[in-house]
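Chemist: Required output: the full structure, derived from the provided sequences and hints.
If you're matching them up, the sequences are chains W and L in order.
The first sequence: position 55 = 54 (numbering that gives the first Met the number 0), numbered continuously.
The second sequence: position 320 = 319 (numbering that gives the first Met the number 0), numbered continuously.
Think of the hints as simulated: they come from the structure by calculation, not from any bench.
A few of these clues could be false.
One-sided and incomplete, this derived list gives chain W residues near chain L with beta-carbon spacing under 8 Å [claimed, not checked]:
id	residue
1	Ala96
2	Gly97
3	Tyr98
4	Arg101
5	Gly256
6	Val268
7	Glu269
8	Asp271
9	Leu275
10	Phe277
11	His283
12	Gly285
Built from N, CA and C at the ideal position, the CB exists for glycine as well.
Number of protein chains: 2
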Amino acid sequence: MRGVMLYAPGDVRVEDRDDPVLVEPTDAIIRIAATCICGSDLWPYRGVEAVDGPAPMGHEYIGVVEEIGTDVRGIAVGDFVVGSFMASDNTCEICRAGYQSRCVHVVPMGTIGTQAERARIPHADGTLVAVPATPAPEQYPSLLSASDVLGTGWFAAVAAAAGPGKTVVVVGDGAVGLLAVLAAKQLGADRIIAMSRHADRQALARRFGATDIVEERGRDGVARIKDLTDGLGAHSVIEAVGTQESMTQAIRSARPGGHVGYVGVAHDVELDGMRLFFSSVHLHGGPAPVRRFLPDLIDLIVRGEIDPGDVFDLTLPLERAAEGYAAMDERRATKVLLTV
Amino acid sequence: MRGVMLYAPGDVRVEDRDDPVLVEPTDAIIRIAATCICGSDLWPYRGVEAVDGPAPMGHEYIGVVEEIGTDVRGIAVGDFVVGSFMASDNTCEICRAGYQSRCVHVVPMGTIGTQAERARIPHADGTLVAVPATPAPEQYPSLLSASDVLGTGWFAAVAAAAGPGKTVVVVGDGAVGLLAVLAAKQLGADRIIAMSRHADRQALARRFGATDIVEERGRDGVARIKDLTDGLGAHSVIEAVGTQESMTQAIRSARPGGHVGYVGVAHDVELDGMRLFFSSVHLHGGPAPVRRFLPDLIDLIVRGEIDPGDVFDLTLPLERAAEGYAAMDERRATKVLLTV
Numbered sequence: 000m001r002g003v004m005l006y007a008p009g010d011v012r013v014e015d016r017d018d019p020v021l022v023e024p025t026d027a028i029i030r031i032a033a034t035c036i037c038g039s040d041l042w043p044y045r046g047v048e049a050v051d052g053p054a055p056m057g058h059e060y061i062g063v064v065e066e067i068g069t070d071v072r073g074i075a076v077g078d079f080v081v082g083s084f085m086a087s088d089n090t091c092e093i094c095r096a097g098y099q100s101r102c103v104h105v106v107p108m109g110t111i112g113t114q115a116e117r118a119r120i121p122h123a124d125g126t127l128v129a130v131p132a133t134p135a136p137e138q139y140p141s142l143l144s145a146s147d148v149l150g151t152g153w154f155a156a157v158a159a160a161a162g163p164g165k166t167v168v169v170v171g172d173g174a175v176g177l178l179a180v181l182a183a184k185q186l187g188a189d190r191i192i193a194m195s196r197h198a199d200r201q202a203l204a205r206r207f208g209a210t211d212i213v214e215e216r217g218r219d220g221v222a223r224i225k226d227l228t229d230g231l232g233a234h235s236v237i238e239a240v241g242t243q244e245s246m247t248q249a250i251r252s253a254r255p256g257g258h259v260g261y262v263g264v265a266h267d268v269e270l271d272g273m274r275l276f277f278s279s280v281h282l283h284g285g286p287a288p289v290r291r292f293l294p295d296l297i298d299l300i301v302r303g304e305i306d307p308g309d310v311f312d313l314t315l316p317l318e319r320a321a322e323g324y325a326a327m328d329e330r331r332a333t334k335v336l337l338t339v
Numbered sequence: 000m001r002g003v004m005l006y007a008p009g010d011v012r013v014e015d016r017d018d019p020v021l022v023e024p025t026d027a028i029i030r031i032a033a034t035c036i037c038g039s040d041l042w043p044y045r046g047v048e049a050v051d052g053p054a055p056m057g058h059e060y061i062g063v064v065e066e067i068g069t070d071v072r073g074i075a076v077g078d079f080v081v082g083s084f085m086a087s088d089n090t091c092e093i094c095r096a097g098y099q100s101r102c103v104h105v106v107p108m109g110t111i112g113t114q115a116e117r118a119r120i121p122h123a124d125g126t127l128v129a130v131p132a133t134p135a136p137e138q139y140p141s142l143l144s145a146s147d148v149l150g151t152g153w154f155a156a157v158a159a160a161a162g163p164g165k166t167v168v169v170v171g172d173g174a175v176g177l178l179a180v181l182a183a184k185q186l187g188a189d190r191i192i193a194m195s196r197h198a199d200r201q202a203l204a205r206r207f208g209a210t211d212i213v214e215e216r217g218r219d220g221v222a223r224i225k226d227l228t229d230g231l232g233a234h235s236v237i238e239a240v241g242t243q244e245s246m247t248q249a250i251r252s253a254r255p256g257g258h259v260g261y262v263g264v265a266h267d268v269e270l271d272g273m274r275l276f277f278s279s280v281h282l283h284g285g286p287a288p289v290r291r292f293l294p295d296l297i298d299l300i301v302r303g304e305i306d307p308g309d310v311f312d313l314t315l316p317l318e319r320a321a322e323g324y325a326a327m328d329e330r331r332a333t334k335v336l337l338t339v
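Modeler: See the structure below:
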C-alpha cells in the first residue's frame, strides 16, 4: 500500500509500505477513506520535535473495516467507522472515567500512521465507532474531523466548562480552536470570543458561533478580554496553540474561579506557580479523550446539526501529501484533507 | 491595644498599636478572643518573602463585635463571629461564584493584622459569620481554625474533588494538610493517604480519618502511591506545602483525569507545560475562599461533629507571640494559638 513517511524535518515522502496485518485478536484492519494532516504533525515536520525517520505519519482517519480479529465484537467487516487518534480498550478504569486517551493500554495512532491506504487499529471495539449508515462523500470531512480536531476542540470546551451563561474565550484559530468555537456554541455558551488575526479564520469562527473577535495578543489581548468582561475575565478559556504566550494569555484571560481548557501540546511552556496560584483558575487539558465524545459527535454530524468539516480548506490526494504539509507549514491552509 | 509586629526576618515584637476605628460604613470592629500563627506567616518571618517592617501580622481571628458601621446589616454588636482571612463583600460576581478570596473589593486581613487585641473588619456583612450562641472557650480552637486552615484544607479537598469512591492523597502534614484529611473524610472519601514523616502528625492524620500513611517523598513517594492504587495514581491529590517538590509529587501522584487541589502558596515553583499536559490532571487551587464554606464549617463545629482545633499543639498568650513563631519555625509546633 501507499503511505506517508517523514524522513527528516521537511522531508515528506509517499511510498510503498507493507500492508497491515492483524496482530492482536482485538485488532481491525481498515481501508482508509480519508485522512488528514494535523497541526501536531508540524512539530516533527518543523524539527521542533525530534524525528526518528523514516517514520509513518498521521493519526486521523475514517474508513471501512476490511478485517477483524477473533475477539472483536462491536465492529463488523464492512462498517464505515470513525476512530480516535488514540487507540484505547475503553474498558479499563481510566477509560471508564472518560480518559480513553490515557487508557492503560493506549496505542497512539501516530505510531502506526494513518496517512496511508490501510491501517491496523488496535483495540478496535474500544477505538472505533461505526457510522449508522455508509455516509455520502460530502460527509467525509465532518466525520474525519471527529477523529481528532473536532473531538479535541470539544474536549477543550468541556474542560473549560463552556455552557449556558458563560463567556468563552478561544485562544488559537487553527482547526482545533475553530472547532472549539463550534463546541462552545453547541454546549450553549452565551458569548464566544475568538482571538484571531486572519480574516478567513475570523469568518469561519463567526460561522461556527463566535460572537466577538479579538485581534490583539499577549497583554493587549488580555486587556481587551477584560474590557469585554467587566474587568473580570472570561468564565471559560480554551487554549489551542501550545506556546508560552498562548498559555499565559489564556490563564490571564480567565476570571478567578474560571476554567482554562488547554489542548495545544505545550512545547517549551513553563508555568509560574505563584502566578497560577493567584490566578485561582481551574486548569485542565492534555491529549483529548476523543472516544468519550465520538458517538455523540457522529450523531450530530449525521443529523446535519454541525458542519465541522468546513475547517478543511485544502483537499489533496494522498500522493501529494508533501504539498499539504508545506501548505500548512506556510499557513496557506488551515487543515488539509487527504483523499485515499 | 497590644499587637504583633514583624520588624525584620526573625524579629517579632508585641507592642502598643493604635486601637482600630471604623473607616467605612461597612466595617466592624471586633475584640479578638483568639488568634493564631499561620504557616504562611513563616514566609516573611524566614525572609523568603520580603518584609516591609514594621508590619502588623496575623489574619486568623475569632471574637466579639464591638462596633459596626452604619451600613452593616447582618452582624450585630455582641455577636461572636468567625471571619475569613480575606475580607470580601460577598455580593460581587466573583463572590457569588464562590471565590470570595478573590472578591473585586478584597482586603487581605494580613494587611490589617489580627494578632492583636482588636481589629477592623472590612465588609463585615460579607466577611464575618456569627456563631449561633456564644461558644465555650473549649470551642475556640476549632472555630478559630475555620478562619483559615480548616477552610483552606476544606477548599483543597473540594478542589481535589474528594468524595465517595475516591482515593485521596494529602501531600503536606502541616495544619492545612491535616485538616484536608479531615475534610476529605467528611466529604466521604473511601481512602485517605497522608504523606508524613512525623509520628505525632501521622497520629493526628489517622485521628482525622487517614487510612494509610506514606513516609516516602519525591519519586519514592509517587511510586508508593502508584503501588497503593493499582498503578494508576490517586483520584484526588491535595497539595498543602507550596514547593517545587511537593507540587511535582502531587501532580505525579494523581491518575489521568484525576484532580489536584493545591493550597500551599507556590514559592519558586515552575510547572513544566509538557509534563502537565501529559499528566491529564485537573489542577485547581489558590487562596481559599473560606467564606464559601464558613457557615457549614461553623455548624459542624458547633454540633460537635468535627474537632479541627486539635491541630493546635501550643497555646501562648499574645504577649509571647515571638516564642510561638520560633516554635513553628523550628517545627516544635504544628500550629500555635494565641490567647488574647
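Chemist: It remains to establish, for every hint, whether it holds in the given structure.
Modeler: Hints and how they fare:
1. Hint status for W:Ala96: holds, given a least beta-carbon distance of 5 Å to chain L, under 8 Å.
2. With a least beta-carbon distance of about 6 Å to chain L, the hint placing W:Gly97 at the interface is held under the 8 Å criterion.
3. Taking 8 Å as the C-beta contact cut-off toward chain L, the hint placing W:Tyr98 at the interface holds, the least distance being around 4 Å.
4. A cut of 8 Å between beta carbons decides the hint on W:Arg101: the least distance to chain L is about 3 Å, and the hint holds.
5. Among the interface hints, the one on W:Gly256 holds; its C-beta lies about 4 Å from the nearest C-beta in chain L, closer than the 8 Å criterion.
6. At its closest, the beta carbon of W:Val268 sits 3 Å from a beta carbon of chain L; the interface hint therefore holds under the 8 Å criterion.
7. With its C-beta approaching chain L no nearer than about 5 Å, W:Glu269 sits inside the 8 Å limit, and its interface hint holds.
8. Taking 8 Å as the C-beta contact cut-off toward chain L, the hint placing W:Asp271 at the interface holds, the least distance being around 6 Å.
9. Interface hint status for W:Leu275: upheld, as the beta-carbon distance to the closest one in chain L is roughly 7 Å, under 8 Å.
10. This hint holds: W:Phe277 has a C-beta 6 Å from the nearest C-beta of chain L, less than the 8 Å allowed.
11. With a least beta-carbon distance of about 4 Å to chain L, the hint placing W:His283 at the interface is held under the 8 Å criterion.
12. Taking 8 Å as the C-beta cut-off, the interface hint given for W:Gly285 holds, the closest approach to chain L being about 4 Å.
No hint from the list above goes unmet by this structure.
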